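Protein chains: 2
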Amino acid sequence: MEFKISDKMRNMKPSIIREILKQMSDPTLISFAGGNPAADSFPAEDIARFSDELLRQDPVAALQYSVSEGVPSVREAVRAFANRRERVAKENDGVLITSGSQQILDFAAKCLCNEGDVVAVENPAFLGAFNAFRSSGARLAGVPMEDDGVNLAALEAVFAAPEKPRFFYCIPNFQNPTGKTMSLAKRRAVYALAVRYGVPVLEDDPYGELRIAGGPVPSIKSMDTEGAVIYAGSFSKILCPGMRLAYCVCDKKLMAAFVVAKQCSDVHTNVWAQRVCEAMLTRTDMDAHIREIRKIYAAKAALMMEQLDEKCPQVRYTRPEGGMFIWGTLPEGADMPAFVRECLARKLALVPGNAFMVDEEAPCGSFRMNFSTPTPENIVKGVSVMAGVLAAQGL
Amino acid sequence: MEFKISDKMRNMKPSIIREILKQMSDPTLISFAGGNPAADSFPAEDIARFSDELLRQDPVAALQYSVSEGVPSVREAVRAFANRRERVAKENDGVLITSGSQQILDFAAKCLCNEGDVVAVENPAFLGAFNAFRSSGARLAGVPMEDDGVNLAALEAVFAAPEKPRFFYCIPNFQNPTGKTMSLAKRRAVYALAVRYGVPVLEDDPYGELRIAGGPVPSIKSMDTEGAVIYAGSFSKILCPGMRLAYCVCDKKLMAAFVVAKQCSDVHTNVWAQRVCEAMLTRTDMDAHIREIRKIYAAKAALMMEQLDEKCPQVRYTRPEGGMFIWGTLPEGADMPAFVRECLARKLALVPGNAFMVDEEAPCGSFRMNFSTPTPENIVKGVSVMAGVLAAQGL
Numbered sequence: 001m002e003f004k005i006s007d008k009m010r011n012m013k014p015s016i017i018r019e020i021l022k023q024m025s026d027p028t029l030i031s032f033a034g035g036n037p038a039a040d041s042f043p044a045e046d047i048a049r050f051s052d053e054l055l056r057q058d059p060v061a062a063l064q065y066s067v068s069e070g071v072p073s074v075r076e077a078v079r080a081f082a083n084r085r086e087r088v089a090k091e092n093d094g095v096l097i098t099s100g101s102q103q104i105l106d107f108a109a110k111c112l113c114n115e116g117d118v119v120a121v122e123n124p125a126f127l128g129a130f131n132a133f134r135s136s137g138a139r140l141a142g143v144p145m146e147d148d149g150v151n152l153a154a155l156e157a158v159f160a161a162p163e164k165p166r167f168f169y170c171i172p173n174f175q176n177p178t179g180k181t182m183s184l185a186k187r188r189a190v191y192a193l194a195v196r197y198g199v200p201v202l203e204d205d206p207y208g209e210l211r212i213a214g215g216p217v218p219s220i221k222s223m224d225t226e227g228a229v230i231y232a233g234s235f236s237k238i239l240c241p242g243m244r245l246a247y248c249v250c251d252k253k254l255m256a257a258f259v260v261a262k263q264c265s266d267v268h269t270n271v272w273a274q275r276v277c278e279a280m281l282t283r284t285d286m287d288a289h290i291r292e293i294r295k296i297y298a299a300k301a302a303l304m305m306e307q308l309d310e311k312c313p314q315v316r317y318t319r320p321e322g323g324m325f326i327w328g329t330l331p332e333g334a335d336m337p338a339f340v341r342e343c344l345a346r347k348l349a350l351v352p353g354n355a356f357m358v359d360e361e362a363p364c365g366s367f368r369m370n371f372s373t374p375t376p377e378n379i380v381k382g383v384s385v386m387a388g389v390l391a392a393q394g395l
Numbered sequence: 001m002e003f004k005i006s007d008k009m010r011n012m013k014p015s016i017i018r019e020i021l022k023q024m025s026d027p028t029l030i031s032f033a034g035g036n037p038a039a040d041s042f043p044a045e046d047i048a049r050f051s052d053e054l055l056r057q058d059p060v061a062a063l064q065y066s067v068s069e070g071v072p073s074v075r076e077a078v079r080a081f082a083n084r085r086e087r088v089a090k091e092n093d094g095v096l097i098t099s100g101s102q103q104i105l106d107f108a109a110k111c112l113c114n115e116g117d118v119v120a121v122e123n124p125a126f127l128g129a130f131n132a133f134r135s136s137g138a139r140l141a142g143v144p145m146e147d148d149g150v151n152l153a154a155l156e157a158v159f160a161a162p163e164k165p166r167f168f169y170c171i172p173n174f175q176n177p178t179g180k181t182m183s184l185a186k187r188r189a190v191y192a193l194a195v196r197y198g199v200p201v202l203e204d205d206p207y208g209e210l211r212i213a214g215g216p217v218p219s220i221k222s223m224d225t226e227g228a229v230i231y232a233g234s235f236s237k238i239l240c241p242g243m244r245l246a247y248c249v250c251d252k253k254l255m256a257a258f259v260v261a262k263q264c265s266d267v268h269t270n271v272w273a274q275r276v277c278e279a280m281l282t283r284t285d286m287d288a289h290i291r292e293i294r295k296i297y298a299a300k301a302a303l304m305m306e307q308l309d310e311k312c313p314q315v316r317y318t319r320p321e322g323g324m325f326i327w328g329t330l331p332e333g334a335d336m337p338a339f340v341r342e343c344l345a346r347k348l349a350l351v352p353g354n355a356f357m358v359d360e361e362a363p364c365g366s367f368r369m370n371f372s373t374p375t376p377e378n379i380v381k382g383v384s385v386m387a388g389v390l391a392a393q394g395l
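So the protein sequences, as listed, match chains A and B.
The UniProt record's numbering numbers the first residue of the first sequence as 1 and each following residue consecutively.
The UniProt record's numbering numbers the first residue of the second sequence as 1 and each following residue consecutively.
Among the hints, erroneous ones may be present.
Unchecked claim - Cut-off 25 Å, straight-line C-alpha distance, at most; resulting in silico cross-link-like pairs (SDA-like, lysine to any residue):
{"hint": "1", "chain 1": "A", "residue 1": "347", "chain 2": "B", "residue 2": "116"}
{"hint": "2", "chain 1": "B", "residue 1": "295", "chain 2": "B", "residue 2": "44"}
{"hint": "3", "chain 1": "A", "residue 1": "164", "chain 2": "A", "residue 2": "215"}
{"hint": "4", "chain 1": "B", "residue 1": "253", "chain 2": "A", "residue 2": "94"}
{"hint": "5", "chain 1": "A", "residue 1": "90", "chain 2": "A", "residue 2": "10"}
{"hint": "6", "chain 1": "B", "residue 1": "164", "chain 2": "B", "residue 2": "131"}
{"hint": "7", "chain 1": "B", "residue 1": "13", "chain 2": "A", "residue 2": "72"}
{"hint": "8", "chain 1": "A", "residue 1": "4", "chain 2": "B", "residue 2": "163"}
{"hint": "9", "chain 1": "B", "residue 1": "4", "chain 2": "A", "residue 2": "189"}
{"hint": "10", "chain 1": "B", "residue 1": "13", "chain 2": "A", "residue 2": "13"}
{"hint": "11", "chain 1": "B", "residue 1": "347", "chain 2": "A", "residue 2": "4"}
{"hint": "12", "chain 1": "B", "residue 1": "347", "chain 2": "B", "residue 2": "295"}
{"hint": "13", "chain 1": "A", "residue 1": "13", "chain 2": "B", "residue 2": "227"}
{"hint": "14", "chain 1": "B", "residue 1": "4", "chain 2": "A", "residue 2": "225"}
{"hint": "15", "chain 1": "A", "residue 1": "4", "chain 2": "B", "residue 2": "44"}
{"hint": "16", "chain 1": "A", "residue 1": "4", "chain 2": "B", "residue 2": "4"}
{"hint": "17", "chain 1": "A", "residue 1": "4", "chain 2": "B", "residue 2": "156"}
{"hint": "18", "chain 1": "A", "residue 1": "164", "chain 2": "B", "residue 2": "116"}
{"hint": "19", "chain 1": "B", "residue 1": "4", "chain 2": "A", "residue 2": "347"}
{"hint": "20", "chain 1": "B", "residue 1": "252", "chain 2": "A", "residue 2": "189"}
{"hint": "21", "chain 1": "B", "residue 1": "90", "chain 2": "A", "residue 2": "1"}
{"hint": "22", "chain 1": "B", "residue 1": "4", "chain 2": "A", "residue 2": "1"}
{"hint": "23", "chain 1": "A", "residue 1": "4", "chain 2": "B", "residue 2": "267"}
{"hint": "24", "chain 1": "A", "residue 1": "13", "chain 2": "B", "residue 2": "115"}
{"hint": "25", "chain 1": "B", "residue 1": "295", "chain 2": "A", "residue 2": "218"}
{"hint": "26", "chain 1": "A", "residue 1": "311", "chain 2": "A", "residue 2": "321"}
{"hint": "27", "chain 1": "A", "residue 1": "253", "chain 2": "A", "residue 2": "116"}
Bear in mind the hints are in silico, worked out from the structure with no lab data behind them.
Since we're looking at a predicted model, the values are computed, not measured.
Bound conformation, chain A alone:
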């Protein structure tokens, strides 16, 4: 039978990253292309201990159906965790436990966009967000990134356009792919524009806990007195991603629609994961655990930057204050796709920067490097491969 795929799904292109990752079964390949957290950061022993206790003492509490919003005691623990340093979840906000933060991006588009509506996005930004929005039939309006976050004039122009965007998507901390952090001044300005134009902000914060340099910057959600910000927090980088566990904090009026979307999408999030997370949050010192993760990431980031400085001085790159990514830019006029292709031929995977652009066809001289997944040895080897290709291409 011939299937007639819906317009919104037929127009989705296969992800460049997925195509690259398909070649990853080659064990001799070094990957700077992934986005996996470092496996040695997983609190595997605690998870095993709490899981075992739960499944022996109260299996039905992990195995039976639950409510779409998330297990009530888990929601309480998550709210306390989110609010432990700043006020993310306010009185009028609900907390929804989701199957990873990808699901929050999916719900935002589903609940706020009719097919053809516009969503404003940082450009470049996380490809999985673009695809989630497109899969609801949304069109993307990219707002260029500067070193301290989006270009505000361009953002205001998009907000003021006749087709007002349904929301604005941004990753203020250690952005994927650029590693850039939005300044406090820009966060305040973005919030003010959002309120002035009535455009909600979807603040995606999967990396916020992974700060390795500089001081914390308040989240946009913490400034939110108008219920204008949808906050997406994740446990993928501070516990583990295989659990698929994240949380959304937003105004209860919008949350009601998200809960219906959750019911329609997968009924509720895996209960075992919720309960194990609750035990981690309430019975371990999460901040001590997060400090250990930061040490791992800080060492890997420092090594990659040191190697780049030493071997690839012609590559400009962002020095990230956290997260998992470094954004490299080749000298003016260089052929970035040819550089990435040749690196792959020499067994080093990088992601071409245009994979993260709203318009993948536009010229782009940048590429993304991940430092959380490769071993220190492979970080050294991989940067040497880059240096060899730069030399071979006369860059």
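Fit chain B to the known structure of chain A by using the hints.
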């Protein structure tokens, strides 16, 4: 801030069942309204054992990111399980591991429907399916149920209508809510109509393993030589629902779109659940386990039917050959909503039949009873409440 909810989500009504279940915190209430599997059917000890082994011996295999299709070895184990008695997954079919079968219903609408497109559905049928389809902006064309499945003339009329449905949704085994099973002749006829009119069949089979009477009837998917059937299988009723684990079997061409939808929706299914399920399928005697579940369900169904025969002879009901539900119908002219309301006032929850109808406002004299969740004692008490209300209402 005022949120402008998308048309498709704004028009979703809160589920009647959810509203009823909200009253369930009252511990004196007896519920025939839920759809939970019996907790004593969960293989809790095996799950605890395999989980512990996995998390101690190879935690990264449970905790790291994985591929959207599902862990390859899990997909292989699921394919073998699905094909152990009949050929569900054929050469041209892919297997996708999903976060519960609700997600398959969501993907079918997302991948096959533009907003406003028509989906044909058994009427009445599973409310969660209706809501999943509506949340993609689909409109529903209900096809009346008869004792042996849908009315074929009505189905053909819907297939032949100018707005051809994008697919046809049915639950051939022990349907929710009616408990009815589609006959072999009707399955063949439905398949033939699907091929003739080019309308894919979405065969939802969450209860198929829970047969308590009669002999097995081949799935529609097993007849599928044209790649016209999308099969949804679930582990919620034979392992446990809290894991959120199900699988979709369909033609690889359509599966490619489903995999993109999966990537956009929640990236991949919880890996712990996938690995534990794999161990259950490959290292335990699942058929022996399923025989034990059937015994529990057969005893509960028999008790409820015996009680209905004895105390409520004026209620006609379907004698299900499996599943979890009995569909009761009041004498002609009775006021079903008043009956359900009065039962609730006397602390027995039933679901009014119109909750499962495409048009919830249409008159309906039926209601749904669940026998898997209540204890035997509560089955006896609950049917006595019904008898008291029937007497009080002069029925």
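Going through the hints against the structure:
1. Proximity of residue 347/A to residue 116/B is assessed by CA-CA distance (about 48 Å); at most 25 Å being required, the pair is judged violated.
2. Using a Cα cut-off of 25 Å, the hinted pair residue 295/B and residue 44/B holds, with the two alpha carbons roughly 17 Å apart.
3. Restraint check: the Cα-Cα separation between residue 164/A and residue 215/A comes to about 35 Å, which exceeds 25 Å; the hinted pair is violated.
4. Proposed proximity of residue 253/B and residue 94/A is contradicted: the alpha carbons are some 40 Å apart, above 25 Å.
5. In summary, the hint linking residue 90/A to residue 10/A is not supported, as the alpha carbons are separated by about 40 Å, beyond the 25 Å threshold.
6. At roughly 20 Å between alpha-carbon atoms, residue 164/B and residue 131/B fall within 25 Å of each other, so this suggested pair holds.
7. Taken as a hint, the residue 13/B and residue 72/A pair is honoured in the structure, with Cα atoms around 23 Å apart against an allowance of 25 Å.
8. For the suggested pair residue 4/A and residue 163/B, the alpha carbons sit about 14 Å apart, so the restraint of at most 25 Å is met.
9. Pair hint residue 4/B plus residue 189/A holds up; C-alpha atoms about 23 Å apart against a cutoff of 25 Å.
10. Distance restraint check for residue 13/B and residue 13/A: the Cα-Cα separation of roughly 34 Å exceeds the 25 Å cut-off, and the hinted pair is therefore not satisfied.
11. A hinted pair counts as satisfied when its Cα atoms are at most 25 Å apart, and residue 347/B with residue 4/A does not qualify at roughly 49 Å.
12. Restraint check: the Cα-Cα separation between residue 347/B and residue 295/B comes to about 28 Å, which exceeds 25 Å; the hinted pair is violated.
13. Distance hint between residue 13/A and residue 227/B is fulfilled; the C-alpha atoms sit about 24 Å from each other, no more than 25 Å.
14. Under the criterion of a C-alpha separation no larger than 25 Å, the hint pairing residue 4/B with residue 225/A is consistent with the structure, at around 19 Å.
15. As the CA atoms of residue 4/A and residue 44/B are separated by approximately 43 Å, the hinted pair breaks the 25 Å bound.
16. The straight-line distance between the Cα atoms of residue 4/A and residue 4/B is roughly 30 Å, outside the 25 Å bound, and the hint therefore fails.
17. Our distance criterion of 25 Å between C-alpha atoms is met by residue 4/A and residue 156/B, whose separation comes to about 20 Å.
18. Of the pairs offered as hints, the one joining residue 164/A and residue 116/B holds, with about 23 Å between alpha carbons and a cut-off of 25 Å not exceeded.
19. As the CA atoms of residue 4/B and residue 347/A are separated by approximately 49 Å, the hinted pair breaks the 25 Å bound.
20. For the hint pairing residue 252/B with residue 189/A, the CA-to-CA distance comes to about 48 Å; that exceeds 25 Å, so the pair is violated.
21. Simply put, residue 90/B and residue 1/A have alpha-carbon atoms about 14 Å apart, close enough for the 25 Å limit, and the pair holds.
22. For the hint linking residue 4/B to residue 1/A, the alpha-carbon distance of about 39 Å lies beyond 25 Å, and the restraint is violated.
23. At roughly 24 Å between alpha-carbon atoms, residue 4/A and residue 267/B fall within 25 Å of each other, so this suggested pair holds.
24. A C-alpha spacing of about 21 Å is found between residue 13/A and residue 115/B, which places the hinted pair at or below 25 Å, so the restraint holds.
25. Under the criterion of a C-alpha separation no larger than 25 Å, the hint pairing residue 295/B with residue 218/A is inconsistent with the structure, at around 58 Å.
26. Note on residue 311/A and residue 321/A: the hinted pairing holds, with a Cα-Cα distance of about 22 Å set against a maximum of 25 Å.
27. At most 25 Å may separate the alpha-carbon atoms for a hinted pair to count; residue 253/A and residue 116/A meet this at roughly 24 Å.
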